[in-house]
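Based on the provided sequences and hints, a complete structural model is requested.
This is what each chain is made of:
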Amino acid sequence: MRRVVATGLGVVSPIGSGISHFFQGLKYGRSGIGAITRFDAQSFTTRIAGEVKEVPKAPDWLDHIDCKAILSDPKSIFCLTAADEAIQDAFGHQSPHAYYPPQRIGMFIGAGLEIFHLQEWLDFIQGTTLDVDAMLQSHMYDSNQSTIQVPSDLAPQAIAKHLHAGAGTCTIVSACAAGTQSIGEAFLAVRDGIIDLAVCGGFDSMINPLGVGGFNLLDALSTSNHLGNRASRPFDAHRDGFVLGEGSGICILEELHAAQKRKARIWAEVYGYASSANAAHVSDPDIQLNSTVRVMQKAMERSCIYPDQIDYINAHGTGTRKNDPVETKAIKSVFKSKAADIPVSSTKSQIGHLIAAAGAVEFIAGVFAIHNGILPATINLTHPDPECDLDYVPNKPRPAKVHNFLSNSFGFGGQNATLVAGMLRNNDTGTTI
Amino acid sequence: MKRVFITGTGLHTGFGNLVNTWKAICADRSALCGYKPPGAHHFPEILAAKAQHIDLEKYVPDRKMMKYMSMTSKLAVLAAGRALNQARLLENHPACRQMAMFVTTGMISFDLIDVSRAAATCKSPDGRLDYISLGTHGLKMCHPLMPFKMLHNMPLGLISILYGLKGENFINYPTAEQSGICLQTAWRGICLERFEIALVGGSVHGLGLMPLVELLRKKQLALNNQPIRAGWPVNDTSAFLVLESEESTAMRGVQPLAELKGAVLSVTNDLDIQPKLESWMNLFASKPPNAIVYTGALDGCDAQYYERAAANAWSPTVSDLISFDDHIGYGQSAALLSAVVLATDMLTHQKAPDWSRLPPPSRLLVVSKAPQQNLVSVRLDSVEASS
Chain A
29 MRRVVATGLG
39 VVSPIGSGIS
49 HFFQGLKYGR
59 SGIGAITRFD
69 AQSFTTRIAG
79 EVKEVPKAPD
89 WLDHIDCKAI
99 LSDPKSIFCL
109 TAADEAIQDA
119 FGHQSPHAYY
129 PPQRIGMFIG
139 AGLEIFHLQE
149 WLDFIQGTTL
159 DVDAMLQSHM
169 YDSNQSTIQV
179 PSDLAPQAIA
189 KHLHAGAGTC
199 TIVSACAAGT
209 QSIGEAFLAV
219 RDGIIDLAVC
229 GGFDSMINPL
239 GVGGFNLLDA
249 LSTSNHLGNR
259 ASRPFDAHRD
269 GFVLGEGSGI
279 CILEELHAAQ
289 KRKARIWAEV
299 YGYASSANAA
309 HVSDPDIQLN
319 STVRVMQKAM
329 ERSCIYPDQI
339 DYINAHGTGT
349 RKNDPVETKA
359 IKSVFKSKAA
369 DIPVSSTKSQ
379 IGHLIAAAGA
389 VEFIAGVFAI
399 HNGILPATIN
409 LTHPDPECDL
419 DYVPNKPRPA
429 KVHNFLSNSF
439 GFGGQNATLV
449 AGMLRNNDTG
459 TTI
Chain B
225 MKRVFITGTG
235 LHTGFGNLVN
245 TWKAICADRS
255 ALCGYKPPGA
265 HHFPEILAAK
275 AQHIDLEKYV
285 PDRKMMKYMS
295 MTSKLAVLAA
305 GRALNQARLL
315 ENHPACRQMA
325 MFVTTGMISF
335 DLIDVSRAAA
345 TCKSPDGRLD
355 YISLGTHGLK
365 MCHPLMPFKM
375 LHNMPLGLIS
385 ILYGLKGENF
395 INYPTAEQSG
405 ICLQTAWRGI
415 CLERFEIALV
425 GGSVHGLGLM
435 PLVELLRKKQ
445 LALNNQPIRA
455 GWPVNDTSAF
465 LVLESEESTA
475 MRGVQPLAEL
485 KGAVLSVTND
495 LDIQPKLESW
505 MNLFASKPPN
515 AIVYTGALDG
525 CDAQYYERAA
535 ANAWSPTVSD
545 LISFDDHIGY
555 GQSAALLSAV
565 VLATDMLTHQ
575 KAPDWSRLPP
585 PSRLLVVSKA
595 PQQNLVSVRL
605 DSVEASS
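If you're matching them up, the sequences are chains A and B in order.
Going by this note's numbering, the first sequence opens with residue 29, and the numbers climb by one from there.
Going by this note's numbering, the second sequence opens with residue 225, and the numbers climb by one from there.
Keep in mind the hints are simulated off the structure, nothing from the lab.
Treat the hints with caution; some may be incorrect.
Claimed, not checked - Using C-beta positions, here's what the derived DEER-type ranges look like:
#, chain 1, residue 1, chain 2, residue 2, range
1, A, Arg349, B, Asn506, 51 to 57 angstroms
2, A, Gln122, B, His367, 51 to 57 angstroms
3, B, Lys282, A, Arg258, 46 to 52 angstroms
4, A, Asp88, B, Arg581, 53 to 59 angstroms
Don't be surprised by glycine CBs; every beta carbon is placed ideally from N, CA and C.
Next comes the structure, spelled out in structure tokens:
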């Protein structure tokens, strides 16, 4: 069985863009949550989010790719920037083609919803109806015209073109589970020998009027605007919903021996992955626990890891009334008496919910834990909830030796995914090196 | 490596279900006709196939659930239900709890009525969007369930909920190449014993206004009455397959319809046929397929291209070519699997439409070749040929 390692990382996040800034943010337990500035949200029920402070400049290589619509979608720029960092992190100034032919390079990227530019749309509203003809006349034939609806796969396709990745680009759209599923499916493709190099992860931003308004319609977001950077409160008794975040997390996965041969830095070894579906409700978590328990168990089983070998869990931990106790119960059901001893934290407390990017950025937070010997905190946890009674690493990051970690994503729509990863293992002894 | 059989297929096209679609194809009828989106007088009349007779009552008992199903979700639920029904996996079959599912969905068709009404109330005198009005009352004019129609993952979520599927899964977007990845993932998962049964499908509401605009901008839409077709005749379609290991098929006592021997993705470059030939040779070795079923050609006929490729790959035996795009249209995320479902039907019944002049097939190559997408090649064998 081929082994798979992460050799490159890239992040754009509300607590810092670039791996070093993101790691600094985790190390000091910073919050990236604040008032929404992307649009005038003063009349919205929710007026806070985790915004990327400065939208990065698109990489220069984009000039050579005929895809200008990307520039109208900030989340696509996040993806390009994070991918650029991850590729440079893995290969320095060399091209991946120095080691891998194009047909062995694949992409698995979790993407969010298509951007729908309301202002563009509004130009064609007459009375209360859309003047379809006027809109079409303006937009139909002019490929330079800005688009009303920007497809979600432009950034992955642009990266694939830039890299000449010829083994397919899988754009996964499983909502909150997309980032984790993308890394998981990339891991399987490399392990099974379908490809040798994967660019994987996720990107998203729903900090726009339809995104914030849509989640408000579903009563899913925190409305504790007065709390500002303290509003994202997973596992806290007073939590009242999740806070949207935005950004991107991209990883480079390779087969171990190839990575060692080219003397690549190995950030982590991916041991295993599983996914499941609740088959219960479109928005509520798995109250019966069957699917959430099974996905964690299966991921560990496939990793040849016993529950007592897990040193840290990066929880889905959204901060909604329903998710957090269900995830707590599921962890207890899987880890039994050991559950109380395993540190569990929610990176969403610091950066908000990055939806399709969440799982990827949170996987990178797990890599931070094993590399820095620091457990990321669940900040803003000041009022313990009797239903959430695990060790959530409250408020401050904590030093700890982390060999193996597990990262959960439980998606809106009922898709669950879990990754198990850790330090490079000694294959003979099963211990980490 | 385990062998993988197809034990259920489900389709919904402009002709309706698979039986009606196959009858129409055999009679050489086309579901394509001139189409303009409602209210779009300046939109050129395109060639398209609209889905008819979407009757979900058998599969969706909860009428409230229907309200938050987009057209893409409805089509997906319908075809998935038919595939599961044929594979005898409905009625909460215990196997569903472990069944994997990999689905490809199309671009979102935003709920234009809701969005337009909300946006209209928020237009300031200078024509700019007034965000304050949008937050105060605009969004409240939208149906509270509207977001569910716009989430990409709802087709998969609803299939999972309605049919009790709980296994490995992902949903991707929005092309035929993506459904090639789904098919390959499911095939590999069964071969390598990660799971025994998988549902694979694609669904598209290709006649949604914004997806049409996007394709028209790319000059990929077929226009009506064009002397030579130079684009896709789009459609509303969904196609699903149940894949199953040989052992599971035997244990459940179901009759396999065909064997899926493999699915391969290869770099596409119209000037270089070598990667395709390699992938085809890998799939078929020395014995060529009886025919190539292809989909996705903008001009409706890539015959010369495939003849040249096939002649090079299997000279001197030149395979026959057949495409159903002119009968049912081309639905990007459902196109490859529509062709696979129809090819499976050809193998199950050992027959091809009379107009094709093909002999009864036993080995088929299904190929999706669309501009700016990787080529997907799928090998299907009849059960007789594989045994």
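Looking back at the numbered hints, which does the structure fail to meet, lowest number first?
As far as the earlier hints go, not one is violated by this structure.
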